[in-house]
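All chains, full assembly: derive it from the sequences and hints.
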Amino acid sequence: MSGEGREPQAIRKLGPGKLVIASHNKGKIVEIRELLAPYGVEPVSAGDLDLPEPEETGTTFVANAELKALAAADLSGLPALADDSGLCVEALGGDPGIFSARWGGPQKDFDMAMRLVEDRLGETPDAPRDAHFVCALALAWPDGHVEWFEGRVDGTLVWPPRGTQGHGYDPMFRPNGYDTTFAEMDSDTKSGISHRGDAFRQLVKAVF
Numbered sequence: 046m047s048g049e050g051r052e053p054q055a056i057r058k059l060g061p062g063k064l065v066i067a068s069h070n071k072g073k074i075v076e077i078r079e080l081l082a083p084y085g086v087e088p089v090s091a092g093d094l095d096l097p098e099p100e101e102t103g104t105t106f107v108a109n110a111e112l113k114a115l116a117a118a119d120l121s122g123l124p125a126l127a128d129d130s131g132l133c134v135e136a137l138g139g140d141p142g143i144f145s146a147r148w149g150g151p152q153k154d155f156d157m158a159m160r161l162v163e164d165r166l167g168e169t170p171d172a173p174r175d176a177h178f179v180c181a182l183a184l185a186w187p188d189g190h191v192e193w194f195e196g197r198v199d200g201t202l203v204w205p206p207r208g209t210q211g212h213g214y215d216p217m218f219r220p221n222g223y224d225t226t227f228a229e230m231d232s233d234t235k236s237g238i239s240h241r242g243d244a245f246r247q248l249v250k251a252v253f
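Taking our numbering, the leading residue of the sequence shown gets 46, the next gets one more, and so forth.
Keep in mind that the hints are not guaranteed to be accurate.
Label-pair restraints from in silico Cβ distances [said to hold, decoys possible]: (1) THR169 <-> HIS212: 23 to 31 Å; (2) ASP164 <-> HIS212: 17 to 25 Å; (3) MET157 <-> GLU98: 16 to 24 Å; (4) GLU87 <-> GLU135: 35 to 43 Å; (5) ASP95 <-> GLU168: 39 to 47 Å; (6) GLY122 <-> TRP204: 44 to 52 Å; (7) ARG160 <-> ALA82: 28 to 36 Å; (8) TYR84 <-> GLY189: 17 to 25 Å.
Lysine-lysine pairs mimicking DSS-like chemistry, simulated, CA-CA at most 27 Å apart [said to hold, decoys possible]: (9) LYS58 <-> LYS73; (10) LYS153 <-> LYS71; (11) LYS250 <-> LYS58; (12) LYS153 <-> LYS73.
Hints are computed from structural coordinates only; laboratory data are not their basis. All values derive from a computational prediction rather than experimental measurement. We put the CB at the ideal spot given by N, CA and C, even for glycine.
Below, the structure is given as structure tokens:
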């Protein structure tokens with residue numbers, strides 16, 4: 046297993062073949078497919094296999110990623126990769142955090158979720174706008190073995206949202222050192238600095 050600040054030491058390598066992306070989030074699936082493209086795996090989404098979405102009962106990003114990856118691996122009989130990620134806003138005590146998708150309601154309306162974040166920040170005059178994204182990746186095999194990797198990127202929240210690329214909270218997140226939001230960046234630029242890109246680089250170094 047791997048955590049922030051530790052060198053990934055994979056017990057098991059991942060060979061060529063089918064790999065389930067344990068997600069029903071279309072934007073996330075596209076991003077993960079692009080990151081996996083160079084490594085000889087054949088990604089299939091949980092939706093393609095009609096796999097149900099398990100209830101996310103974990104209290105951390107890693108726990109929820111493991112839960113989703115293990116469920117998909119067990120039901121499909123294939124290795125499965127799950128991502129659990131979210132936006133953590135310092136002035137909101139780390140919220141929305143692991144509940145990032147749920148702030149968008151049953152329809153996962155991220156325009157509504159971003160507005161809710163902005164409204165909550167507005168309740169405190171001069172609230173700092175520091176925030177960070179976290180991405181936990183869990184790679185599970187049908188026998189229950191799991192490897193996990195966690196990435197992070199820090200930045201500032203902007204309002205109104207800007208850009209049409211990316212997904213989720215990307216239009217209101219400007220990474221440190223950049224003048225553009227994630228939603229204003231092309232996918233290569235974003236992947237080079239993002240929380241998901243960070244976690245993937247750890248995974249690639251460890252398992253391929």
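A quick look at each hint next to the structure:
For the pair THR169 and HIS212, the beta carbons lie near 28 Å from each other, so the given range of 23 to 31 Å is met. Restraint check, ASP164 to HIS212: a C-beta distance of roughly 21 Å satisfies the suggested window 17 to 25 Å. Hint check: MET157 to GLU98, Cβ distance near 20 Å, so the stated range 16 to 24 Å holds. A C-beta distance of roughly 40 Å is found between GLU87 and GLU135, which places it inside the suggested range of 35 to 43 Å.
Between ASP95 and GLU168 the beta carbon distance is about 42 Å. The supplied range of 39 to 47 Å therefore holds. Against the hinted window of 44 to 52 Å, the Cβ-Cβ separation of GLY122 and TRP204 comes to about 46 Å, which satisfies the hint. At about 34 Å, the beta-carbon gap between ARG160 and ALA82 stays in the expected band of 28 to 36 Å. Take TYR84 and GLY189: their Cβ atoms lie about 23 Å apart, and the range 17 to 25 Å holds.
At roughly 23 Å between alpha-carbon atoms, LYS58 and LYS73 fall within 27 Å of each other, so this suggested pair holds. Straight-line distance between C-alpha atoms of LYS153 and LYS71 comes to about 12 Å, which keeps the hinted pair within the 27 Å bound. Among the hinted pairs, LYS250 with LYS58 is consistent with the structure: their alpha-carbon atoms are about 10 Å apart, no more than 27 Å. Pair hint LYS153 plus LYS73 holds up; C-alpha atoms about 13 Å apart against a cutoff of 27 Å.
Against the hints set out earlier in the document, no violation occurs for any number.
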